[in-house]
Amino acid sequence: MQSHPKTSTMNLHRLVAGAAAFGIALSGLHAQKIADTVVKKDGSRERGVEVTAFTLTGIKTKKGAEEREIPPHQVADIEWSDLPETFVSGRTAMARGDFDSARQLFGEAANQATRPVLKTEAKFLQCRAAVASAATSKQAAADAAGATRAWLSESADNWRVPEGMLLLGRALRLAGTGADAETALKELDDRASRDGWSPVWAARAKFELALAQVDQNKGGDARSSFQSASSAADLALGTPSGDDAELKQIKIQGRVGEGETFLAEKDFGRAAEFFRGLANSGQAELVAAGRAGEGEARYQMAVASKNLDEFRAAQIALAHASVLDHTSGEASAKANYYLGMCLLALAGRDDDSSKARANAYFTLVIKAYPTSRWAVAAKAELAKG
Amino acid sequence: MTASRCQSTKSSQIALLFLTVSALSPLSFAQSAKADREIAFVRGLAREFRFLSLAQAEIGRLEQAFKDGSTQDKIQQLGIEVSLMTAKLKSDRNEQRAAYKQALDKTKELLERSSDPAVVGEARGTLADAVQEFGQFLNEELDEARNTAPERVKELEDEAAATFKSGAEACDKVMESLAAEKDPEKKLQHGLAWLRKGVLTREHARAVKGEREFLIPRAITILEDLILEVGEETALGLRGLFEVAQCREVGGDLKDAIDTYQGTVKQISTALKDAQEGRLQMGADTQEFLFNMAQEVAAKLADVLFKQGDVAGGTELFVMMRQFLADNGEQGEKGQKADDLEVCDPRWGHMLFLAECRFLADSGDPAKVTKALEVAQKINDRHPYDFVGVRAKAVLRDILSAQQKLISGKLLFEVGKGEFQNKNYEEAVKGLRKAIAAMSPTEQKEIGLDAWDMLGKSYGLSDRFLEAVIALKEGLARHGGADKTKAEAMADVLDKALSNLKRQTKNDTALSAIYDEATSAVLAWGGSATGDKKLFKDGAQFFQERKFQEAAEAYGKITTEFLQYEVAQVRIGRCHQALGDFTKARQTFADYRAWAAGKAIEDNRKDKQQLRQSAMTEAAFSEAVMGYYEAYGNTELKLQKDLTKYPAAMAALNAYRTNHAKDGDLSLPIILDFLGRLHADQGQMDQADQIYAELKKVDAATASRLATEMFRQHLNIVGNLEKEQTAALAGGDKTAAEAATRALEDARKKLTALGLDYAANSPKPQLGVLVNTMNSFEQLADWKKVDEVAQKALQLYGNETEAKTKEVMDLSVRPKIGEAMLRQKQFTQAHEMLVAAEKANPNQWELKRLIALALGGWFEFDERGAAVRVPGLDKPTEAYQKYWVEYKQWGLRQPDVRKFSIEWYRFHWEAYWFALQAGAKDPKAKENAQTLFRIAKSTDNFASLKKLGAEGNQLARFFDQNKPPVK
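Going down the list, the sequences are from chains W and P. All the letters of the first sequence, read from the start, carry residue numbers 1 to 385 under the numbering used here. All the letters of the second sequence, read from the start, carry residue numbers 386 to 1352 under the numbering used here.
Treat the hints with caution; some may be incorrect.
Far from chain W, by Cβ distances over 12 Å, these chain P residues were calculated [unchecked claim]:
hint	residue
1	S500
2	E831
3	N989
4	A1036
5	T1087
6	Q1151
7	G1183
Some, not all, of what chain P presents toward chain W, calculated at C-beta under 8 Å [to be verified]:
hint	residue
8	Q693
9	V754
10	E859
11	A862
Covered, in the sense of this in silico footprint (three residues per stretch, anywhere, with C-beta under 8 Å from a C-beta of chain W), are these stretches of chain P [to be verified]:
hint	stretch
12	532 to 538
13	808 to 818
14	844 to 854
15	1320 to 1329
No lab work stands behind these hints, which were simulated from the structure alone. The beta-carbon is built from N, C-alpha and C at its ideal position, and this holds for glycine as well.
Construct all of the structure, not just a fragment, from the sequences and the given hints.
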């Protein structure tokens, strides 16, 4: 190897040993085997920590000799290191909206996990997936409620208890036990105030409560609860926090929910008028939601009246909602779902691609908005073939 | 770099070689001086100047010019090298995967074929290089799969393991061939192959978790042996040490890895300082190599520190590396500090600074996050296609998802644009809507119109023309005044979207308000409707209506002043092509190219440049299509198939795919379809399969059409193999028969896999394909799949009334569902279903046979070859009655069923089997069995039966295993 230039001073052993004199005073934590990451709501991350315990007041972590507790309202997520394969698969299934598979996979992950915190987390995620998968089956919802209740009882001192209580309320609502749902959600609302939880929990509880009241045909109560949720979100937005994006959504969805109570009461004209009001309110964040709601109302009117021109009016409102929804949230999902429904209704009046285009809208809702409630409805439409 | 280091010397050039592909590719000794000179020139074009398209074209010319075998091998080797370089630059990962695999396959093929030692040496080097690149690709896929699709991990691990093993073996062979060499350059190549073997072994360990425990120590041993051999003080030794550190990291020994990374950077700093101050002699290129390597090591170290969350360690590393760059990199002008991003190595230095961006972004501190975004964006802009760009985009994406509030409308627009360019239209819609809402007034002026334009196009490209019209109209209303030229182009897009909306809605008057508003916007912003514009529109309309003569006339009147003049010229050629006048079409393209060659476009006219590129692409596409028609034939154009034209057609299609596919994405499916057909038609099924897989990802409908052609070819292969098997069995050649049986089974597996894939992806798969797939599954005894395919056929064609289809369904498909149930041993259920079916179709003879089988069972050999009696419902007497009394008139129908034909033997076997089983209790049945056996055995003791292919041989074995009881 004579063609290589030689450095007269280099020495392999010294090279390795030279690290100590390198000048970078490393903390010595880099040999830590468990390297979780806590993702915080302000966008920062704490990497290379070991999550050691959950309590109602925070997530306990360890990094070398340093131990810390991070308050729950600061935490957006935890990225676990060295996960069981089933946990990763569960997370992937959840993200693509395959909640039933996610439920099973998280259940297996809970059995496979060796770290107690990860076991508890997997069980919680199993509940979350179970509730998400229970939208179309009362029995599944009742089972999910049972599982969530069990988790709450064995994990009473866990930072995810507020979400657990919300999930319980939702599961009870989906199971058709509206009164129990109301009780559970009111309890969440009370505890949020009493125990000083983040204000977002009160807003979430009120919103879910309103949905439970819609399901029980209590239109008037539901309208009050939606207004209350919207106000609670608005009030909470007065103090900047990591939950602002969600609070803004609740504020919008609270208003949308109000309009949807008219739809539930089959008062489509009033619903359309309400949503037009939202769209013209001058508040940018309500325009798309208003147009989507108006589109839905006009679609329902068209179905009731069998007036095909009314479907066109619905299409125009929905297309505007799609174009103007800068949040890419429920308004987009709803608009795309109903645009698909309009195409089905207009088959014969449009060219022969209507059915395929309708299916493309449903597929889009499922893929691009998998956690939206419209994804469930879109799946049902696609299943009809 | 300092001036002294910029002067290259021969020895330092050699030292530098070991970072490059060429290091493993010794120049061959010339056999033909001219050919070698030309090959070296083309290699230089590709390697040094990166003129890959030009190099590929030159390779085509060389193939024609030099026909002797040895030179052809050298040219093919060069072709593979250039393909590999092209593969590295591909941004579409599916295409990249296919290109790597193709390079690997072609290299292996060349190695098997060539006897020229020089070519073999180069090919082994290329193989190792291809393995390293493809292995890296697979490791990236594995990383992704471990986080998002664990079910794919096993398959990817297996593929990676096989790939890395073949690379390590290639390195062994290179080392073996160079072991005795004394020449320093050859010794260096020997060392490089050794180093690469260690690296490939480590990467194998990275890919396959379960094998790390023994692969990591093996990789470390290989590398440490190398270091001892070449000397720890040499550049190669230092590199080896760095690779050892990476082994430790992969093995999870992070403490040691960090120590070694740190030690390496420190030693490089010291060595460079000593060289600068004259204490150490070192060539300029070696210094440059070490300067870059220090950054590579630092980038690795930064990644490890980042994963460990060691912010303090990371911060100190970046401070130190900035100082390192200041001490060792080029100085700024007039004593000013130079920009670190300019001074550092564009690969590893930029990777290092991206790692710093991640540290900054993790802090959550707005000022630091903004700084991170700025740097990541700069790096991203400088790396549009390579792996640094991929990493930069990932960093940007992570920051964007976590730090919504800090993102400018402009940056969000860039993200949306990225999604649009990647054809993720709904993601583009989401990103662009967000960008529009986040834009400041200045940003709105600057890019508002572009954002709305792209939003409208995203809707249009996903067939949502109502939304497209609304978005484009809205964009023009808000920002049309900001740029009249852009607004005019956008009005054109709106005009097209409106036409499409009207087509979709059949001009529904309920949408008049929307139509009118859009038309007003087109008139307001579309500029004056000049004659050229109208002619262009008319031409397009005629072309769409297949009025090609009129279209050519309209395009021909367009003046050179018109922006789309060049596109119009190419369209004239396309009209001639469509009319079947290929000579005129080619002449038109040649005239256009000659005109364009003399008409340079100003640098600032990006629009014209893009249109020229688009015109050139369209011309090349048309030429490739004509070549295809001339080879494969075209009924409409009355062209016959001409096998002699296949090579030229395939070369043209491949050249289009390499040179233009990125520009003409919409035509890629057609090109792939044509290529796939040509491969399939020549029986090159592996290549056809690969193209089919690629096509499926870009256009499922076209892929489905190609699948039917491929299926036909696979079916031919199966048919031919059946004949081979029959001949081998008849000839009594056991070895040949076994080989033919294995080949036939493999072919059937391929056929069924393709059939299933086609059935799953085609909106309405052809009945013929379904039936043949079903029958092949039957031959493979996979009855579950037989049932699945038959059910699918029933679902699609069960209600068809057309006579031929109905006959196929009644005679082939429906009975197969019952038989599948039977063969899966669901006897009661099958019997009930068959009896009900027979009631409805009393003349369905096959149903009667199946009922008999359900009642009396059958005989078979299991997977291990053991004889098995399947009892069915264990009612052999009833089975015999059904079979002999009712089925016989069909089973031995005359004149269709000839004596001693396979059908005749099958009938006698089944009747005999039922009689034999019934004979255990019934003497009369026993006698019947004896009679039937005697008839079947006559007159040549089953010799005729054994000549009837695989089924004949199987029936002969059945009779042999089940001789009748002695009277």
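Earlier hints that do not hold, by number: 11, 15
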